[in-house]
Amino acid sequence: MELENKDVLVVGSGISGIASALELAKAGVKVYLIEKEAAVGGYAASFCCKATDSCAKCSVCAALDKLKEALIHPRITILTNSTVKRLSGELGNFHVEIIQQSRYVNMERCVACGLCAEVCPAQPKAIHASSEENMPFSYVLDEGLCLRFKGEKCDLCQSNCPTKAIEFELKPNRHELSVGAIIVATGFAVFDARLKGSLGYGRYPQVLTGLDLERVFRREGYLKLSTAGNEPKNIAFVQCVGSRDERHGYCSQVCCKYAIKLARLIQYQNPEAKVTIFYIDLQTSGKGFAQFYEECKGSIQFIRGIPVEVLQTSSGKLEVKFEDISQGKVRRDVFDLVVLSVGISPGKDVWDLARILGINLDDDGFFGVKSALCSNETNVDGIFLAGTCQGPKDIPDSIAHGVAAASKAIQALSGVDSRRRSFRWRW
Amino acid sequence: MEKEIGIFLCNCGGGIKNIDFDAVREKLVQISDVAFVAVSSALCLEEGKGTIVSTIKDKGVEKVVIAACSPEFTEHTFGEVLEKAGLNRHLLAMANVREQCAWAHQGDVTKKAIQLIKMAVNRARLLQPVQKKELPINKDVLVIGGGFSGLNIALQLSRLGLRATVLEKEAVLGARLGEAESFSSCDMGPMISEVESDDNIEVLTSAQLVRIEGNVGNFSVRIQKAGEEIPRKYGAIVVATGYRTQLMASSEPDSGGKILSQAELCRMLAAQSLEKQPRTVGFIFDFADENSRFPTLATLDNALAAKEKWDSEVYVFCKSVKVDSKGAEKLYREARARGIVFLKCETPPKVLAKNGRVEIQAQDILMGEDTVFACDVLVAEQQILPAEDADILSSLLNVGRDSKGFYQDENVHLYPVALERKGIFVVGGCRGDLDGGRVLSDISSAVMSIYELLSPGKIVVDSEKVKANPQKCVACLTCFRVCPHSAIQLMRAENEKEVAQVADAACDACGICAAICPAKAISFEGYTDEQIVAQIEALGTS
Amino acid sequence: MSKEIVAFCCQHSAYPAADLAGKSGLRYAENVRIIRVPCAGRIDVIHILKAFEKGVAAVLVLGCEEGACHHITGNDRAKERVKYAEMLLKEVGADGGRVKMYNLSPNAPHKFVKILDEVSKKIADEEKQK
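Those protein sequence lines, which keep their order, are chains A, B and C.
410 is the number that this note's numbering gives to position 417 of the first sequence; each next residue is one higher, with no gaps.
To convert, take the position in the second sequence, counting from 1, and add 184; that gives this note's numbering.
To convert, take the position in the third sequence, counting from 1, and add 13; that gives this note's numbering.
Hints are supplied without guarantee of correctness; some may be wrong.
Unchecked claim - Here are a few chain C residues that face chain A, going by a calculated C-beta distance under 8 Å:
hint, residue
1, Gln24
2, Leu33
3, Lys36
4, Glu79
5, Gly106
6, Ala107
7, Asp108
8, Gly109
9, Ser118
10, Asn120
11, Ala121
12, His123
13, Lys124
Hints were generated in silico from the structure; no laboratory data involved.
Keep in mind the model is a prediction, meaning the values are calculated, not measured.
Cβ atoms here follow ideal geometry from the backbone N, Cα and C, with glycine treated the same way.
Turn these sequences into a full structure, and let the hints guide you.
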């Protein structure tokens, strides 16, 4: 059967979108990969390595590898600062209108020398690399931070740019794309821990989220906190913050694993550190995790019971009030640092995108699937889902889901009738 | 000496301030076989690339050194530029004078830059071209295992126009059909009919793989069926051999009470009429093996079915419910809402058979003391194990397994469905991670990987980039045994001795063989011993 | 210029980590010379010995974290070879402690710098004691 070699639009350059785009490109398909931020890679690319004396299998490096491969693939065209404005058409013949905000830096001319950032007077710098790893390989001017855009007369970056890459006059661009299929890979939003006010996030500087902790390790290489003092010795992780509660009827799938891996990393770097993990049900499944967990049991304290309140003590530490279920009593323990294992929530723009694309949302607010038998297909033929925008997943599952979405897209584009279902499945 | 090396220096738009490029240039032009040293300000931009092409053509150099930013991204770009200038892309050596020199140190780094470039020059001098070659490949796929995953893959491949042979060691497809562990799980009948009537799919039952040779795109296998060996050729292979379960009934001998597996309970649930419907059903899981997504989901499913069909009292004993799958939490809440009781215990419950019933003595964390529950039937914990012949088949295919014996090493770079050998994939329960949603994703992933591999009908390879010299090879088999990708085979040319040969299609260019060969018979172009040592030669205080 | 430290860096792990260190403004000793290799398993004992013959202060082999080698066994092979090189050096009366294997990920620039700082310090301390 001849493959109708139509192009595919992938919305979102997180690990799932990247995985989809890469597999499609390798199969000979031309891919447009659009990303709403200035940097590609999404959350996965921003996490830290959690290896101790061996790999912790968090897969962040595997995500980075795929990202690097996608960035140089000739069949993938990446458009940053871009969102879908309008969609019409059908499978095999979609017309998409993309709005691309300006980076004010011409990516064809930027050599990422950094001279512009050196001379930028704004605090924080208004012109900077796309991301820490600078992917894509270019700088970007943030209109919101730039003094010139606030009315001041400043053109230091432009006058110092050796390749004339900076153009203040660049306007948003409109792209009209014709594609055969669309893969939605818009990722997730991190649960806002301030919504659980009693846990102290946003009030006490020593209460962090799991994402904050990842960023600290990524930036500093060790548990360096902004609050003065030595490295924290007594650390608590609180699981299920924004998962398995009244508003979230699902498990976020990643938190137990990342908490245990981060806990292990903390203890590896600081053998004196004591870590306690407060949980409801500990999620320890998955390839390669069982052994890891066995090794941790001796050194991490696991307490069944989610804390209800975190307060600051007079000495600046944190007092955590919880019910120790196995002991059957309420306790108040003191910690130097409390990490809230925040969950995966639907992305902020899902309503807009759902409306524009005509796809449904499920009860939890993630994009809905057509049937339980295939978690990539939406109610619209030719529009597929990849990754956490369909529901919480860890990095390996996001990759698998992205590649699966590519598979479904290719099958749809070959005119295959995938509506034939020869089995039923409950979950 | 021929002036065959050309050097391009890039000051990154003038952004590199702590290298004196003129001083660098002065030192480098003194090297006798360097034809020119050109300083540029933006080699990666279109005009910079244009300059490289015209300068190479002008000066007629054979090898190129580019001192600029990291080769991580630009090596690819500059390789293309070399090709435009008529040179093989492998005749390029890069010196990282930006990320690993100018940006990494404070103060003047001119001396280090000079040395880094000299290292690259020494390497460039010895570089040889590597050509691309197209190899024809077989587009058929061998699917080992005729269960849910195997049949599903064969069907999806067929839809994409690829032919598959489903190899099943039992006499029928879907042999575990009667072993379904979850009440509402797959009814495979329709899928089996579809497979049997699909022209793109060949089914061989009571058949086993006994021999495999060759590499990705060109596997030669021998299948044993009915006492005969059938030779076949395939481009890719999928392992979908499933899993086994073993009941861990750690209890006293069954004196009339019923200790069952999930599958046995399912059969009871499916039965039209039962002599006696169990009034109380117990489930135990998650103690011996905490990797229990599938047991959780099967338990929830079967517990709800027992409630619905028999209106039994249901008690579930576990450490933690594993709800990290889509829909699992909802199922768990539904189960609790229907009155199914979950007892979370830190230690495994004791199971005793007494008076025709099964007694479970457990210490639930909420109650805090030992309590005894009497059930009519108990679904005891089951161990999920690799398929019986996993050790034999994995040896035959020369692929690794994880610490529990399931296929696929626990190496993140292989996830989701790849193995160390290109062209061989693994899906489904035989891989270990086995809830329904993830298995379906794995299946589609494997289909995609196979499609992109086989659909072009050919593989483009770097020809002889890693090569065993037949004159030096003594066929000691060290490289053969050590290659993680099984890319080395023994070949015997006519009237010649048997020697090692690297299969270009399977080689992943790691160089482990080149390092380990005791006769130094294997060369790895770009990283030969001479090319590595030449870089070392440029060191020493100068 | 002080004697160089040769760091054989695998292209999947240490080499990008070193790049990231530079991009992030992390600084390390100037006498480090990075040699890029496709896998730590490519490194043979002869490469290590040739470096010492040239007079370098130390030889480091940096590969992927254990269990994460792109070529599955490459970093294990490298580890064995480094041990063997260490033994050979001791046998000929040289300092076996100057060759060492390290493991890291591509997104661990701090680990890269920490390793080099440790090695530089060790060499400086040993030089002082002479």
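Hint check: 8 Å Cβ-Cβ cutoff, C:Ala107 to chain A
Result: violated, 28 Å to nearest chain A Cβ.
Given C:Gly109 as an interface hint, is the shortest Cβ-Cβ distance to chain A below 8 Å?
Violated: closest Cβ of chain A sits about 22 Å from C:Gly109, beyond 8 Å.
Cut-off 8 Å, beta-carbon criterion: hint that C:Gln24 touches chain A:
With Cβ-Cβ at 11 Å, over 8 Å, it is violated.
Answer holds if the nearest beta-carbon of chain A is closer than 8 Å to that of C:Ala121; otherwise answer violated.
holds (5 Å)
Would you check whether C:Lys124 satisfies its interface hint, that is, whether its CB is within less than 8 Å of any CB in chain A?
Check passed: Cβ of C:Lys124 comes within 7 Å of chain A, closer than 8 Å.
Hint validity - C:His123 Cβ closer than 8 Å to any chain A Cβ:
For C:His123, the interface hint holds, since the closest Cβ of chain A sits about 2 Å away, which is under 8 Å.
Taking the closest Cβ pair, is C:Gly106 under 8 Å from chain A?
Constraint on C:Gly106 not satisfied, violated at 31 Å.
Let me know if the C-beta of C:Asp108 comes in closer than 8 Å to any C-beta of chain A, holds or violated.
This hint is violated: C:Asp108 lies away from chain A, its Cβ roughly 25 Å from the closest one there, beyond 8 Å.
Given hint C:Leu33 near chain A, where the shortest CB pair must fall under 8 Å
Since chain A brings a Cβ to about 6 Å from C:Leu33, closer than 8 Å, the hint holds.
Given a cut of 8 Å on the nearest C-beta pair, is the interface hint for C:Lys36 held or broken against chain A?
holds (6 Å)
Interface restraint verdict for C:Ser118 against chain A (beta-carbon cut-off 8 Å)
holds (4 Å)
Is the interface hint satisfied for C:Asn120? The criterion is a beta-carbon contact with chain A at less than 8 Å.
holds (5 Å)
Violation of the numbered hints given earlier is confined to hints 1, 5, 6, 7, 8; the remaining hints are satisfied by the structure.
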